Structures are given as C-alpha cells and as structure tokens.
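Heads up: the protein sequence lines correspond to chains A and B, in order.
Those letters in the first sequence? Residues 1 to 434, per this note's numbering, in order.
Those letters in the second sequence? Residues 1 to 192, per this note's numbering, in order.
Simulated from the structure, these hints should not be mistaken for lab results.
Computed from a predicted structure; not experimentally measured.
For every residue, glycine included, the Cβ atom is placed at its ideal position computed from N, Cα and C.
Be careful, since some hints might not be right.
Taking lysine to aspartate or glutamate pairs in the DMTMM-like style, the calculated list, with each CA pair at most 25 Å apart, reads [what the hints assert, rightly or not]:
(1) B:Lys145 with A:Asp60
(2) A:Lys51 with B:Asp132
(3) A:Lys78 with A:Glu216
Some but not every residue of chain A turned toward chain B, in silico, with C-beta under 7 Å [unchecked claim]:
(4) Asp2
(5) Phe15
(6) Phe48
(7) Gly54
(8) Ser55
(9) Ser58
(10) Asp60
(11) Pro65
(12) Leu225
(13) Gly255
(14) Leu257
(15) Ile259
(16) Cys283
(17) Thr286
(18) Met342
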Amino acid sequence: MDITLLSLLLVAGLFGLLLLGLWAGFALLAVGLLAMIFAASAPPGMVFATKIWGSLTSWDLTALPMFVWMGEILYRSKLSSNLFVGLAPLTRRLPGRLLHVNILGCALFAAVSGSSAATTATVGRMSLPELKARGYDLGMSIGTLAGAGTFGFLIPPSIILIVYGAATEQSIARLFLAGILPGLMLAVLFGGYVMLWSMLNRDRMPPPEPRVSLLEGLRALLLLLPTVLLIVVVIGSIYGGLASPTEAAVVGVVGALLISGLSGGLGWTSFVASLRGAAITSCMITFILMGASFLTVAMGYTGIPRTLAAWIGEQGYSHFALLTALLLFFIVLGMFLDGISMVVLTTSVIMPMVTVAGIDPIWFGVFLVLVVEMSQITPPVGFNLFVLQSITGRGIFEIARMALPFFLILLLATMLLSLFPEIALWLPNTVFTR
Amino acid sequence: MGGRPAGVAVRRILDTIYAAAMVGACLSMVGIAALVSVQVGGRILDQVLVLFDSAQLGIAVPSLSEIGGFLLVGAAFLALPETLRAAGHVRVIFLLNILGPGPGRLLTVLVLAVALGLAGWATWHAGAQAWDSWAFDSASFGVVKVPLWIPQSVMTLGLGLFALALADELVQSLFGEPAFRRVERGRAGGDY
C-alpha cells in the first residue's frame with residue numbers, strides 16, 4: 001500500500017477510535033495491529049508479545065509505581081492541610097501576597113506527587129476557599145492554580161519523564177536533572193507575572209493580611225519540614241549518583257510511610273487505599289505504554305517514521321522552524337489528548353525525525369513536557385481544567401480564559417528553552433561529566 | 001438482573017476474582033519496595049561498617065533489576081480488571097457527553113466489544129509466548145535463573161482477567177449500566 005495513504009488511514013483510525021471513546025491503550029494497540037496487517041510480513045501476535053514483555057520488564061520503569069505510591073501516601077497524610085498554613089507567612093510581604101501560595105504549594109506538592117491532576121486538586125481544595133474568603137481576585141486565584149498545577153510534570157520526580165525515558169530509552173536520572181532548572185524558571189516566571197499583575201492592579205488586591213507572629217509562622221513551617229527533607233533526600237540521592245531512580249523512589253515510599261505514620265495520618269485503611277490508588281494509576285499508565293510500545297514497533301515495520309524523518313531531513317528546515325511546527329502540532333493535539341498518550345504517541349512517530357534533525361533527546365523530553373503542560377489547560381480536553389471545574393463549579397472555557405496568561409507564559413518558557421538549550425542540559429551535563 | 005440468586009452468586013464470584021487479582025498487584029508493589037529496601041539498607045550498612053573499619057557484609061538482592069521488572073509486570077497486569085471497573089483507564093468521553101443517553105449507550109457497547117476483541121487477541125498471544133518459554137525452558141539471564149514462563153503466565157492471567165472484566169461490563173451494558181460508567185458519571189457530577 002502507498003505509504004501516504006497508509007499514514008492517512010492510520011491517523012484517521014487513531015483519532016476515530018479515540019473520539020469514539022476507546023481506551024487510549026486499546027486505541028494505540030488497534031492502530032499498531034492495523035499497521036502490521038497492512039504493511040508487515042512478521043506475525044503481529046508474536047511481535048506484540050515479545051515487544052510488550054521486553055519493554056515492560058524494565059528496571060527503570062519499576063520507579064514508576066513507587067513514585068506514584070509515594071505521592072499517594074503523602075496525599076493522604078496531613079501534608080496537604082499544612083500546606084496553606086505553612087506557606088502563607090512566607091509570601092505575605094511579596095507583591096501579590098497569598099497568590100504565591102498557589103505557585104509554591106504546587107511546586108512543593110508536585111515534587112512529591114509527580115501528577116498534575118493530583119497537584120491541582122490537592123492545592124486547589126485547600127487554597128481556593130482561603131483566597132476567596134480573603135477577597136483575592138477570583139480569576140487570578142484560579143489562573144495561578146491552573147498554571148502552577150501543571151508543574152507536576154516537570155519538577156522531579158516526574159511520572160511523565162519516566163514514561164518518556166522508558167519509551168525512548170533515555171536515562172531517567174538525566175531527564176530528572178534536566179527538568180529541575182526549567183521547572184524553577186517556570187516558577188519564577190509565574191511568580192513574576194503575579195507580582196507584576198498585582199502592582200498594576202492594586203485596586204483589585206484585598207487589604208493586607210494581619211501580621212502573623214514569628215512563632216506561629218515558624219511552627220507552621222516546621223510542619224512542612226519533614227516533607228521538604230524527604231524530597232531533598234530522594235532527589236539528592238539521584239543527583240549525587242548514590243541511588244538509581246527506582247531505589248530513590250523506594251526510599252521515598254519508606255520515608256513517606258514514616259512521616260505519615262509518625263504524624264498520625266496513616267492507619268491501615270489509608271495505607272491500603274494508597275496502595276490501591278497507586279496500583280490503579282500505575283496500571284493505567286503502563287497499559288498506555290504497552291499500546292505505545294507495540295505501536296512503535298509496528299510503525300517501524302511500515303517505514304512511516306523513517307520516511308517522515310528522511311523527508312524532514314531533505315527539506316533542510318532549521319531547528320527553529322521544525323520546533324515551531326512541532327509546537328503548533330502538539331498544542332492542537334493537546335486540546336484533545338491527555339499528556340501520557342501524547343508523549344508515547346510522539347515517541348513512536350516523531351522521535352526518528354527529531355534524532356535526524358540533530359535535536360538532543362534529553363532536551364526534547366523537557367520541551368515535550370512543557371508542551372504537555374500547556375495541553376493541561378487548553379479546552380475542550382484539559383485535565384487541569386476538569387479538576388478546577390469540579391472544585392469551583394465554573395465552566396471549562398471560563399477557567400481556560402483565566403488560565404490564558406499562564407498558557408502564554410508556558411509558551412514563553414518553551415521559546416526560552418529553545419533559544420537557550422543549556423537551561424535543560426547544563427545540569428545533567430555537569431553532573432554526568434565523563 | 002441482579003434479583004436472581006444465580007446472578008447474585010455470579011456477581012460475587014466475579015468481584016472476588018477481580019479483588020484477588022488486585023491483591024496480587026498490590027503485593028507485587030510491596031514486593032518491589034521490600035526487595036529494594038533490603039538492597040539499599042545493605043549498602044548503607046556496609047558504608048557504616050567501613051566507617052568503623054569492620055568487614056562489609058555485602059547484603060544484596062541477586063538479580064534485583066530483573067526480579068523488579070517481573071514484579072512490575074505483576075503489578076501492572078493484575079490491576080487491569082479493577083482499574084477498568086474504577087474507570088482508571090484514560091479515554092476521551094467528549095463525544096459520549098454530546099450524544100444523548102440512547103446513542104451513548106450504543107457507543108459504550110461498541111467500544112466494549114472492540115476492547116474485548118483486542119484483549120482476547122492480546123491474551124492469546126501472551127499465552128503463546130508463555131507456552132513457548134515453558135516448552136523451551138527459557139530462563140532469565142541473571143544470577144537467579146527465573147523460568148520466564150512464570151512471570152509471563154502472570155502477564156497472560158492479567159490480560160485474561162481483563163478480557164473477562166470487559167465481557168462482564170459488556171453484558172452489564174446490554175442490561176443496564178456497567179461499573180465504569182457509574183464512576184465516570186459520578187465524576188461529571190463534580191465528585192472528583
């Protein structure tokens with residue numbers, strides 16, 4: 001069959017199946033199967049079994065359920081209720097004041113949970129009622145949360161970077177390191193925007209909060225300390241080369257169990273609930289990965305990624321033009337697809353093209369994550385929008401409008417990252433000098 | 001159809017099977033955590049011993065990276081049925097929300113039928129792989145030679161139970177509402 005026709009058929013098939021509501025893992029599997037039936041001489045069933053067995057029995061991927069579990073434990077601990085009380089005194093004096101709690105809270109929670117929806121939901125449930133009661137602008141309260149909630153994908157340990165690393169066979173430790181500086185840069189950009197906005201819109205800021213005594217502030221901060229320490233130990237041990245990501249994740253699980261056990265937030269019921277929750281989330285992700293790894297082999301048989309890569313190579317596009325095209329493509333894709341499906345889909349078709357163009361795969365992972373973050377706040381399908389809709393009861397499109405400035409900041413961040421690739425690459429290259 | 005005693009008994013048996021598989025998945029995760037803890041603990045202990053000029057014990061779990069991978073397969077595949085019923089698997093319900101209840105139900109039946117076919121196909125071939133590993137005595141490469149048919153059978157079992165759960169939901173969707181739809185509807189109502 002003609003390769004262009006086959007490509008169109010497969011793309012139409014994939015989007016058709018997804019739109020019908022077929023589970024993402026099955027949709028990827030079905031399209032892979034179709035591709036093999038049309039274009040491969042190898043028996044699809046045997047290729048399927050060999051490939052998914054090979055790609056799922058992976059030591060690096062073992063980190064995934066452990067990081068998910070660590071997040072589930074801390075999510076059920078008292079950490080979430082301490083978050084607002086602990087962070088509020090820190091931000092009282094900054095322009096924009098308690099709006100920064102959303103950003104700091106999301107950054108902190110993202111570091112323990114690695115999931116964007118859980119970050120937005122947890123921080124939002126705590127901070128939105130408080131901000132509303134103190135008279136903060138609703139659009140900014142929801143917007144900062146929608147934007148900062150996407151941190152979960154970038155700040156290590158990031159589940160989506162593990163998925164990317166597993167799908168493209170890149171070092172997860174390197175990917176984690178590459179995510180740190182761009183994550184901090186985003187936090188600074190978001191915080192900067194909040195300051196700027198609050199200075200320009202003084203009339204829309206509520207009267208200053210009453211002073212908090214130093215002792216009270218310290219006590220609140222102390223509540224957050226064990227969790228911050230845990231994050232430092234987990235990420236630091238990967239950074240220092242003391243532990244593999246999987247080992248660090250298990251240290252995180254044990255630490256999370258200790259913290260929530262000692263602070264009295266963890267009984268047998270919530271232990272089982274955390275385990276069950278982690279099993280469900282990990283199962284969902286690995287199922288999509290399973291479909292994607294089969295699709296990747298199947299696509300290899302069709303030759304589509306190779307042809308696409310060769311074609312892009314012949315056109316001689318500049319990196320900038322290529323990345324801009326990819327960016328636009330991903331933004332449109334992100335309006336309809338969830339982040340993990342987007343990442344795995346990309347890796348099966350677009351990676352060869354990226355490699356041919358000479359783009360660093362580690363850098364591309366960070367770039368991809370930023371784009372996936374944008375997809376969380378673009379209507380009609382954006383997971384953070386759904387979460388915020390259920391917390392606030394406002395419409396998807398209204399929330400998306402409130403989140404628009406933060407979408408634009410994410411766009412700015414991808415541009416900065418493209419102009420200065422060192423933002424992502426400096427740290428991993430410095431740590432892993434050979 | 002829940003009124004008939006036979007229906008109730010079947011329901012209870014199926015739910016027990018899914019729950020048992022979930023317990024297997026959770027135990028696999030606990031297994032990963034326990035083995036890695038022993039490994040990391042052994043390494044830390046050795047470093048402490050070095051500080052005191054004493055001999056290292058060298059406690060380590062042999063072939064941990066392979067066994068970890070096998071346990072991951074157990075965790076991922078055995079959780080499939082319950083994840084389906086808890087609406088844990090990602091899908092786009094954009095079209096479903098636009099359609100009315102009648103066409104929407106038809107769509108659910110269609111999607112379940114396609115998924116059942118694919119899950120059956122996957123089970124068959126995963127089973128064939130496990131069978132081959134058994135027939136040819138394939139084992140893992142590490143220090144501990146784990147016969148590959150054992151973890152591969154667990155993978156097949158998980159996929160098979162997934163197919164069973166999909167068939168179950170398909171039947172439920174013909175007579176009423178399948179379990180995952182109840183959860184999805186609950187979410188749309190703001191109960192995130």
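Comparing the hints with the structure gives:
1. B:Lys145 with A:Asp60: holds (20 Å)
2. A:Lys51 with B:Asp132: holds (15 Å)
3. A:Lys78 with A:Glu216: holds (18 Å)
4. Asp2: With a minimum Cβ separation of about 26 Å from chain B (threshold 7 Å), the hint on A:Asp2 is violated.
5. Phe15: violated (10 Å)
6. Phe48: Interface hint status for A:Phe48: holds (5 Å vs cutoff 7 Å).
7. Gly54: violated (10 Å)
8. Ser55: violated (10 Å)
9. Ser58: holds (6 Å)
10. Asp60: With a minimum Cβ separation of about 9 Å from chain B (threshold 7 Å), the hint on A:Asp60 is violated.
11. Pro65: holds (5 Å)
12. Leu225: violated (22 Å)
13. Gly255: Cβ of A:Gly255 sits 11 Å from chain B, so the hint is violated.
14. Leu257: For A:Leu257, the interface hint is violated, since the closest Cβ of chain B sits about 9 Å away, which is over 7 Å.
15. Ile259: violated (15 Å)
16. Cys283: At about 4 Å, which falls below the 7 Å cut-off, the nearest Cβ of chain B leaves the hint on A:Cys283 intact, so it holds.
17. Thr286: holds (4 Å)
18. Met342: Hint on A:Met342: violated, closest Cβ of chain B at ~11 Å, above 7 Å.
Figure legend: structure checked against the earlier numbered hints; hints not met, in rising order: 4, 5, 7, 8, 10, 12, 13, 14, 15, 18.
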